[in-house]
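Input sequences plus hints: build the corresponding full structure.
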Amino acid sequence: MTLLSLHGIRKSFGAVDVLHGVDLSVAAGEVVGLVGDNGAGKSTLMKTITGIYRADTGSIEFDGEDILALDPGQRRRLGIEMIYQDLSLAKQQDVASNIFLGREPTKRLFGLLPGFVDKGEMDRQAARMIERLGAHLPSINRSVGSFSGGQQQTVAIARALTFNPKLVIMDEPTAALAVREVQSVLDLIRRLKSEGIAVILISHRLNDVLSVTDRIVVLRHGRADADLVTAKTNMNEVVSRIVGGGDIAAAAAHEQRG
Amino acid sequence: MASETTRPSFWARVQHISVERLHIRLESLVVLLALSAAMALLSPYFLSLSNFLNILLATSTIGVLAIAATFVIGSGGLDLSLGSVMGLAGVAGAFVAVNLGWPSVLAVIACILAGAIAGYINGQLVTRAFVPAFIVTLGMLGLARGLALVISQGRAIYGLPPEIVYIGQGRPLGIPMPVIILVLTAIVAHAALAYTRFGRHTLALGDSEGAARAAGIRVEHHRRIIYTLSGALAGLAGLLFTARVNAGDPTAGINYELTAITAAIIGGTNLFGGRASILGTMIGALIMGVLQNGLTLLAVQSYYQQMAIGAVLILAVFIDQYQVRKESRV
Numbered sequence: 000m001t002l003l004s005l006h007g008i009r010k011s012f013g014a015v016d017v018l019h020g021v022d023l024s025v026a027a028g029e030v031v032g033l034v035g036d037n038g039a040g041k042s043t044l045m046k047t048i049t050g051i052y053r054a055d056t057g058s059i060e061f062d063g064e065d066i067l068a069l070d071p072g073q074r075r076r077l078g079i080e081m082i083y084q085d086l087s088l089a090k091q092q093d094v095a096s097n098i099f100l101g102r103e104p105t106k107r108l109f110g111l112l113p114g115f116v117d118k119g120e121m122d123r124q125a126a127r128m129i130e131r132l133g134a135h136l137p138s139i140n141r142s143v144g145s146f147s148g149g150q151q152q153t154v155a156i157a158r159a160l161t162f163n164p165k166l167v168i169m170d171e172p173t174a175a176l177a178v179r180e181v182q183s184v185l186d187l188i189r190r191l192k193s194e195g196i197a198v199i200l201i202s203h204r205l206n207d208v209l210s211v212t213d214r215i216v217v218l219r220h221g222r223a224d225a226d227l228v229t230a231k232t233n234m235n236e237v238v239s240r241i242v243g244g245g246d247i248a249a250a251a252a253h254e255q256r257g
Numbered sequence: 000m001a002s003e004t005t006r007p008s009f010w011a012r013v014q015h016i017s018v019e020r021l022h023i024r025l026e027s028l029v030v031l032l033a034l035s036a037a038m039a040l041l042s043p044y045f046l047s048l049s050n051f052l053n054i055l056l057a058t059s060t061i062g063v064l065a066i067a068a069t070f071v072i073g074s075g076g077l078d079l080s081l082g083s084v085m086g087l088a089g090v091a092g093a094f095v096a097v098n099l100g101w102p103s104v105l106a107v108i109a110c111i112l113a114g115a116i117a118g119y120i121n122g123q124l125v126t127r128a129f130v131p132a133f134i135v136t137l138g139m140l141g142l143a144r145g146l147a148l149v150i151s152q153g154r155a156i157y158g159l160p161p162e163i164v165y166i167g168q169g170r171p172l173g174i175p176m177p178v179i180i181l182v183l184t185a186i187v188a189h190a191a192l193a194y195t196r197f198g199r200h201t202l203a204l205g206d207s208e209g210a211a212r213a214a215g216i217r218v219e220h221h222r223r224i225i226y227t228l229s230g231a232l233a234g235l236a237g238l239l240f241t242a243r244v245n246a247g248d249p250t251a252g253i254n255y256e257l258t259a260i261t262a263a264i265i266g267g268t269n270l271f272g273g274r275a276s277i278l279g280t281m282i283g284a285l286i287m288g289v290l291q292n293g294l295t296l297l298a299v300q301s302y303y304q305q306m307a308i309g310a311v312l313i314l315a316v317f318i319d320q321y322q323v324r325k326e327s328r329v
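So the protein sequences, as listed, match chains A and B.
In this text, residue positions in the first sequence follow numbering that gives the first Met the number 0: the first is 0, and each later residue adds one.
In this text, residue positions in the second sequence follow numbering that gives the first Met the number 0: the first is 0, and each later residue adds one.
Hints are supplied without guarantee of correctness; some may be wrong.
[Stated by the list, open to error] Here are the computed lysine to aspartate or glutamate pairs in the DMTMM-like style, where the Cα-Cα straight-line distance is at most 20 Å: (1) A:Lys46 with A:Asp62; (2) A:Lys165 with A:Asp65; (3) A:Lys46 with B:Asp319; (4) A:Lys90 with A:Glu103; (5) A:Lys90 with B:Asp319; (6) A:Lys231 with A:Asp207; (7) A:Lys90 with B:Glu208; (8) A:Lys46 with B:Glu219; (9) A:Lys106 with A:Asp117.
It is worth saying that the hints were derived from the structure and are not from the lab.
Nothing here was measured: the structure is a model prediction, and the numbers come from that model.
Structure (structure tokens):
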């Protein structure tokens, strides 16, 4: 069953054309790798899915619904979550504030005045989510900025998973992590898949992409240039599709070493 | 050095609780008490109920402006037009009541509406025209002041109706009305900033605009509300001042933004947004009030008071930035 389908997505910033008509589809519970050179348009494409950018032309359907006109908050409510490369955390706020930002549960003060944030409920649910991820944070009442990179990543992941998403987009989730932390992110992706949650993984680390994805889409010059089944491809083919010809053997060898 | 490896000291824990639960920086409370003690030693008149009420009364206008500054700075913005908008609002209210002879209720509404409109224009320009807040509100500082002088033809408007004067000079139960209004405003503002979604989104916005946007918060819309709110509060401050001095003075509030922003900053508001508390700001406003009151009791010329406020602002930001750098190194 197709969960997300994009057709003919175009996006330009002023005179710079970034996306020239991208087609992409993701099935429920499918893990799709999105790879491409720097400047190929990967992050821009993802932000048109989350609604941070509005596509100039083209259509986006999610769960059978046309979502092109929806803002980021509405798309989140439909079940599209993204873990940004810069994590997009509010560093001076605590863990629960970040996880629930924009979706805070409210209660009535003294049973009368509505609209007050239910901090106790937020803290409880945040602690439960962090525990479910098997992570350890010094304290959930501390500002997120005082945590290590891996711990901040945990908070960003917890935020993406708390509201039962159907699709999770991860932009370079392993770029800044230690080896052991990379494994736990890859395990998490497999776990999401087993729970029927679709994942789009953007990564430069092709070994990671080849090990967890079902399909690999190569973005090149603003187009989906190749759509490869992971089980039937290999490092050499992926690399050659990314660089688009040229000295493929040398590029592949370089990637293998790296 | 040794304390860094052992468990947090008693002081650190008390500090933690005051920041987490009460949203105030303990240092500012210590400064307030130390300053009050010093003034009490230096002047026999300082420790008296009437002087205490004097300080609160003198703090009321600045206090309301400082609340406005706290919201704007907490959201990562800046409003330099607070003092001018306050002056414009006071003149607008006096013009409606005296020159037009309309009912006092309309004059009160005119004060707050004039402020809100100025703030709304600030918000529109910041979010739609992409002019930096520093420039927009600096321009509004000149525009609002000029308009106040045009409306009043450069002269104070006297002869306000008694209902309005009561707002500034009335003393139900012996407590000055402006003090009551400040306290009520501060309670509502504190609840809004610390315990509602609106307040949390305001601080998140000041912390990281990208994070707020990714979380689905309508960033530009929120900023426009904040600037409009700031203007409306400046309008309220204008009402309090006009009612207290019984005149719509077009030169009212000159340099008040300096004092208001200083109060917010020494109360613990992060100059770059993301951290702010109304309780802290109230302590900051009291520090400014005690400082000015004490210097007046000690017969220090008001020119020196202005210098003192400017110096306190720079010192407060220096200490805050020093602490931020120290914490980020650990």
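Going through the numbered hints above, which ones does this structure break? Give me the numbers in ascending order.
3
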